[in-house]
Amino acid sequence: KAGVTQTPRYLIKTRGQQVTLSCSPISGHRSVSWYQQTPGQGLQFLFEYFSETQRNKGNFPGRFSGRQFSNSRSEMNVSTLELGDSALYLCASSGQGGRYGYTFGSGTRLTVV
Amino acid sequence: TQLLEQSPQFLSIQEGENLTVYCNSSSVFSSLQWYRQEPGEGPVLLVTVVTGGEVKKLKRLTFQFGDARKDSSLHITAAQPGDTGLYLCAGDYNTDKLIFGTGTRLQVFP
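From first to last, the protein sequence lines stand for chains A and B. Residues in the first sequence are numbered from -15 upward in steps of one, following our numbering. Residues in the second sequence are numbered from 69 upward in steps of one, following our numbering.
If you are wondering where the hints come from, they were derived from the structure by calculation, not from laboratory data. The reader is advised that the hints may include incorrect statements.
Label pairs and their in silico Cβ distance ranges [stated by the list, open to error]:
| no. | chain 1 | residue 1 | chain 2 | residue 2 | range |
| --- | --- | --- | --- | --- | --- |
| 1 | B | K127 | A | V97 | 39 to 45 Å |
| 2 | B | G121 | A | S6 | 39 to 45 Å |
| 3 | B | Y90 | A | E66 | 45 to 51 Å |
| 4 | A | S35 | B | V96 | 36 to 42 Å |
| 5 | B | T145 | A | V97 | 43 to 49 Å |
| 6 | A | Q80 | B | K125 | 18 to 24 Å |
| 7 | A | S35 | B | K124 | 41 to 47 Å |
Here are the computed lysine-lysine pairs in the DSS-like style, where the Cα-Cα straight-line distance is at most 30 Å [stated by the list, open to error]:
| no. | chain 1 | residue 1 | chain 2 | residue 2 |
| --- | --- | --- | --- | --- |
| 8 | B | K127 | B | K165 |
| 9 | B | K124 | B | K165 |
| 10 | B | K125 | B | K138 |
| 11 | B | K127 | A | K41 |
| 12 | B | K138 | B | K165 |
| 13 | B | K165 | A | K41 |
| 14 | A | K41 | A | K(-3) |
| 15 | B | K138 | B | K124 |
| 16 | B | K165 | A | K(-3) |
We put the CB at the ideal spot given by N, CA and C, even for glycine.
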């Protein structure tokens, strides 16, 4: 059974550019969540999608957005990149509801220069 | 703001020693999850506890959920170098949105 797949693994972008990250959840999982991990702030919730609908959103500016497709694959987009957006972006999927735990992907390491 | 405090922040021990990591909050959780993360990888789920007072064992790891469902602990017996990693607790408030703890970085030396 394939795990959660995130692409690309590494990305270097210039300040002001935009970026799109992709996540393919475990087959059959309809809930996909995104988290940002930085050394200073730890893991912080970005948003959660279920059946193409955003159900939850964290405290991030509007430059961070996402979407989910009918096959449960999800993308997140960050526009007008800032240096502080450099982080490991993690995607997680759940089949039984978040209360029972998540399977995380290996993440996309984004560096903004 | 929901906060999850983990202690200690860092732990450096010799192989064979025992250790306990604590996770505390002022809020009541629907469930409490423990993850381990290795460098360059995503967190891996170790256990989920949902009932106050619940104790779960996973080989040398023992997880306990507080009676009031506001705190949890992870105890490792006879630590091994393979236990090295970042241990994260995460609380779920029945909102499909995890609040992660500050993390405990464990280093076990042979």
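Hint check:
Taken as a hint, the range 39 to 45 Å holds for the pair K127/B and V97/A, whose Cβ atoms sit roughly 43 Å apart. The hinted range of 39 to 45 Å is satisfied by G121/B and S6/A, whose Cβ atoms lie roughly 42 Å apart. Range check, Y90/B to E66/A: about 35 Å between beta-carbon atoms, so the 45 to 51 Å window is missed. A beta carbon spacing of about 28 Å between S35/A and V96/B contradicts the range 36 to 42 Å that was offered as a hint.
The given range of 43 to 49 Å is respected by T145/B and V97/A, whose C-beta atoms sit roughly 45 Å from each other. Separated by about 22 Å at the C-beta atoms, Q80/A and K125/B satisfy the suggested range of 18 to 24 Å. Between S35/A and K124/B the Cβ separation comes to about 31 Å, which falls outside the hinted range of 41 to 47 Å. Restraint check for K127/B and K165/B: the C-alpha separation of about 28 Å stays at or below 30 Å, so the hint holds.
Of the pairs offered as hints, the one joining K124/B and K165/B holds, with about 23 Å between alpha carbons and a cut-off of 30 Å not exceeded. The straight-line distance between the Cα atoms of K125/B and K138/B is roughly 19 Å, inside the 30 Å bound, and the hint therefore holds. The suggested pairing of K127/B with K41/A is violated, with an alpha-carbon distance near 36 Å, which exceeds 30 Å. Distance hint between K138/B and K165/B is fulfilled; the C-alpha atoms sit about 17 Å from each other, no more than 30 Å.
The suggested pairing of K165/B with K41/A holds, with an alpha-carbon distance near 9 Å, which does not exceed 30 Å. Proximity of K41/A to K(-3)/A is assessed by CA-CA distance (about 25 Å); at most 30 Å being required, the pair is judged to hold. Taking the CA atoms of K138/B and K124/B, the gap is about 17 Å. The hint holds against a cut of 30 Å. Of the pairs offered as hints, the one joining K165/B and K(-3)/A holds, with about 28 Å between alpha carbons and a cut-off of 30 Å not exceeded.
Checked against the numbered hints listed earlier, the structure breaks hints 3, 4, 7, 11; every other hint is satisfied.
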